[in-house]
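Just need the whole structure built from these sequences, with the hints factored in.
Each chain, written out:
2 protein chains.
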Amino acid sequence: MRKVTVSGIGMTPFGKHEHTSLKTLLMDACVDALKEANFPKIDAVYIGNFMGGSLGNQEILGAIVANDLGLGNIPTTKVEGACASGGIAFRQAYLNIQNGVCDHVLIAGVEKMKHASTEDVTRAINAAMDNDSNEKNAGLTFPGFFGTLANRYFYETGASKKHLAMVALKNREYALNNHKAQFRKPASLEEIMAARMITEPLGLFDCSPTTDGAAAIVLSKGEHGVIVRASAQASGTTQMQETEDLLSIPAVRASANTAYEQAGLGPSDIDVVELHDCFTMTEILAIEELGFFEKGTGWEAVEKGLTKHGGKIPVNTSGGLLSKGHPIGATGISQIYQVVSQLRGTSCNQVDGARIGLAQNLGGTGAYSTVHIFERVNA
Amino acid sequence: MRKVTVSGIGMTPFGKHEHTSLKTLLMDACVDALKEANFPKIDAVYIGNFMGGSLGNQEILGAIVANDLGLGNIPTTKVEGACASGGIAFRQAYLNIQNGVCDHVLIAGVEKMKHASTEDVTRAINAAMDNDSNEKNAGLTFPGFFGTLANRYFYETGASKKHLAMVALKNREYALNNHKAQFRKPASLEEIMAARMITEPLGLFDCSPTTDGAAAIVLSKGEHGVIVRASAQASGTTQMQETEDLLSIPAVRASANTAYEQAGLGPSDIDVVELHDCFTMTEILAIEELGFFEKGTGWEAVEKGLTKHGGKIPVNTSGGLLSKGHPIGATGISQIYQVVSQLRGTSCNQVDGARIGLAQNLGGTGAYSTVHIFERVNA
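Protein chains in written order, with the numbering used here: chain E, 9 to 387; chain S, 9 to 387.
Source of the hints: derived by calculation from the structure; they are not laboratory data.
Only a predicted model underlies this, so the values are computations on that prediction, with no experimental measurement involved.
Among the hints, erroneous ones may be present.
Stated by the list, open to error - Calculated cross-link-like contacts (lysine-lysine; reagent style DSBU-like; alpha-carbon spacing at most 35 Å):
#1 E/Lys49 - E/Lys229
#2 E/Lys122 - S/Lys320
#3 E/Lys229 - S/Lys11
#4 S/Lys320 - S/Lys229
#5 S/Lys43 - E/Lys144
#6 E/Lys49 - S/Lys303
#7 S/Lys144 - E/Lys122
#8 E/Lys144 - E/Lys43
#9 E/Lys144 - S/Lys229
The structure is reproduced here in structure tokens:
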């Protein structure tokens with residue numbers, strides 16, 4: 009099987025783009041990535057997007073990209089897997105190149121959410137749950153789901169709201185140095201802990217925001233530069249009542265284990281990580297499920313500063329979903345943008361000598377997870 | 009590269025399913041296909057769906073299928089390419105098996121549209137155009153687009169509204185024998201021609217209906233049975249103003265040419281066809297673009313009865329989108345269901361001795377087209 013390398017990355021600033029259309033955001037990121045890749049002949053396009061139809065009445069993003077960028081009559085596809093849409097799109101492209109179906113593939117993720125009312129966004133996001141279930145009728149939302157997990161985590165471990173706040177603070181501090189991040193205003197631990205409650209115990213800073221933005225990547229056959237060492241995806245339960253253990257996310261663990269096996273690597277080989285901190289609680293669970301810390305001890309790692317520079321493994325040096333922003337379909341691609349930047353040595357919050365990086369993208373309440381591992385290989 | 013065979017097919021009746029949820033339709037079709045395939049270990053799931061989010065507030069259909077059918081934590085993906093979502097999903101699955109990524113893949117398409125108002129459905133369908141364009145502001149709809157093509161076709165050729173009606177009549181007559189078709193009430197040429205006008209010159213019978221329904225297929229590695237001889241996909245323009253010639257659909261021609269080349273076959277080798285008759289006019293253009301008849305002569309072929317039993321090539325023996333129904337995400341899969349049934353010799357409107365069949369699925373105003381060619385190979 010052929011090796012696959014990242015030949016270009018692009019990303020718009022994340023935040024509110026009031027006067028820029030979904031299509032323009034998408035094109036801007038794609039053109040940046042294509043330019044960096046020196047405009048190779050693209051063989052296919054994969055787009056990650058979640059709510060273009062429900063919030064923007066715009067689908068066919070694959071064909072629009074091929075058409076408007078003059079890429080020819082190549083196959084194009086939008087893929088959806090809730091908040092993991094970007095990671096899944098990336099994996100489809102990777103499989104195409106690995107197996108010789110394509111030599112160069114353009115992948116992009118995009119979302120435009122800030123124009124919609126809170127009510128509309130909440131409803132659209134809830135399409136990422138199984139709504140043909142009593143949980144929908146009971147009024148469960150995503151903050152409700154992850155808030156329940158946090159309460160249970162507090163009950164089972166020594167963790168408290170302070171540890172959630174420490175995750176939010178770390179990611180905010182990283183975002184201060186990322187000029188593409190949505191939130192670049194400093195915040196204190198006190199401010200974070202005192203912020204407006206969303207769903208007990210999750211306050212405003214514990215929840216990722218709504219965001220407009222896009223990110224794009226060109227993948228190519230090749231053995232040098234930042235190469236893809238592993239690409240894994242797993243599914244999980246789509247309803248809370250079906251989870252065997254509220255404090256595990258089996259799709260994250262399964263996708264990580266598959267990726268480590270593919271790469272012949274383990275957690276201790278990873279130098280830098282972007283993971284899916286849709287809520288502060290999710291970051292603590294993810295560092296456990298990805299194998300960086302033992303189950304039930306993630307909060308201690310946070311307390312000891314082990315998930316930032318100088319610790320065991322710097323996590324979400326981009327600012328994460330919490331402070332970089334979370335334009336749903338773009339998130340998985342923007343995580344890879346950050347990991348690739350780290351391995352190139354050109355990132356904000358650069359981790360010295362980073363050679364191997366991991367990106368983990370979650371969808372729904374654990375319905376999807378992708379894990380990609382990258383390595384810098386000099387020519 | 010490995011050969012790929014169809015090991016199971018399933019399909020719900022098409023029509024109005026007032027008391028059946030999107031999820032239940034999807035599960036019913038999947039279980040039928042899995043049962044026929046004798047429940048192999050499924051390695052991945054691809055779902056074709058277009059408006060689950062906008063009309064039903066339900067995404068994550070891939071994960072729901074894996075979860076509710078107990079398929080394990082396998083990778084699952086929804087793909088979108090407007091009305092070609094089903095054909096594109098099928099092609100992703102095919103590539104996975106052909107390249108050894110998977111041994112067995114479940115593909116399903118589903119849509120639920122009948123519960124929504126005409127206004128809501130029209131808006132949701134228009135997400136399959138580029139709405140960041142002046143054409144949207146000008147009020148262009150799909151009947152408007154294909155009606156314009158029909159007027160131009162009449163102008164350039166000797167065709168008239170009667171030839172459109174003959175397409176509608178043929179497909180209705182085929183649907184009478186398909187117990188899964190939406191419309192099984194006979195209609196006369198006079199009734200069709202006199203029906204309520206939708207967009208000049210397209211009347212009610214010239215337009216495919218809104219439909220609820222689902223279809224599913226299990227693809228497996230294998231060299232016998234009904235095998236996949238070719239799988240091709242192409243993109244085209246996303247705006248009417250960009251088309252070079254109103255009477256051609258380049259994506260259809262390109263995907264057909266690629267498929268013929270892959271299979272080492274030509275139009276004269278095909279025994280039976282299902283093609284994308286979203287409007288009667290589209291069927292006439294498609295029989296030309298697929299190479300069965302010369303450009304500008306499709307209407308004559310229809311007049312001479314060359315597109316039905318006893319003619320050159322029986323087209324849409326299922327009743328087509330026009331009379332079988334058009335549940336958008338399910339359509340591409342249901343076309344393959346029909347072609348496979350024909351090649352197995354178990355179809356309604358059976359074509360005697362059919363050995364090679366073709367399915368063509370269109371998305372948008374020519375933004376996407378997939379062509380798949382199948383052959384019956386006895387063990």
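Results for each hint:
Between E/Lys49 and E/Lys229, the direct Cα distance comes to roughly 12 Å. Compliance with the 35 Å bound is thereby established for this hinted pair. Under the criterion of a C-alpha separation no larger than 35 Å, the hint pairing E/Lys122 with S/Lys320 is inconsistent with the structure, at around 55 Å. Among the hinted pairs, E/Lys229 with S/Lys11 is consistent with the structure: their alpha-carbon atoms are about 24 Å apart, no more than 35 Å. With a C-alpha separation of about 33 Å, the suggested pairing of S/Lys320 with S/Lys229 holds against the 35 Å cut-off.
The hinted pair formed by S/Lys43 and E/Lys144 meets the criterion: a straight-line CA distance of about 30 Å does not exceed 35 Å. Simply put, E/Lys49 and S/Lys303 have alpha-carbon atoms about 31 Å apart, close enough for the 35 Å limit, and the pair holds. The hinted pair formed by S/Lys144 and E/Lys122 meets the criterion: a straight-line CA distance of about 22 Å does not exceed 35 Å. For the hint pairing E/Lys144 with E/Lys43, the CA-to-CA distance comes to about 44 Å; that exceeds 35 Å, so the pair is violated.
Between E/Lys144 and S/Lys229 the alpha-carbon distance is near 39 Å, which puts this suggested pair outside the 35 Å criterion.
Going down the numbered hints, you'll see the structure goes against 2, 8, 9, while the others check out.
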